[in-house]
Amino acid sequence: MIDPKSKFIDFKNNKMLEIIFNDIASLVKKIKKSKKISMAQAAEMSILNTEIMEQFINLINHMTDNDYNDGKESSMIESCLDFQDLCLYIKNIDKYENDFDLTKIPNFH
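FYI, in our numbering the residues of the sequence shown are 34 to 142.
Bear in mind the hints are in silico, worked out from the structure with no lab data behind them. Fair warning: this is a prediction, and the values are worked out from it, not measured in the lab.
Straight-line C-alpha distance at most 20 Å; calculated DMTMM-like pairs for lysine to aspartate or glutamate:
hint, residue 1, residue 2
1, 66, 56
2, 63, 77
3, 45, 87
4, 62, 77
5, 63, 51
6, 45, 56
7, 69, 56
8, 65, 77
9, 62, 51
Let the sequences and hints guide you as you build the complete structure.
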């Protein structure tokens, strides 16, 4: 079983993540400076968040599924909502440590 608090994802060679992080940082800097957000900026932030979520889904899948194949859907994470649930679960891992199992998707709905 993988310990999500001590297992780190190395993505220093992942140019896509570097670009997304840079774009998010630039956008946040603009929004923070102006203290307001345009509809276009809100849409851009939403798109960037979706892109980074997809990248993290792929990284987590590679780490947790030994049979993971880029050409197939992961059996563990099939949607963004499931990914958000997994993030909530990992964030509160101390609370749920006794029943933590990466092969099961927790349901917080």
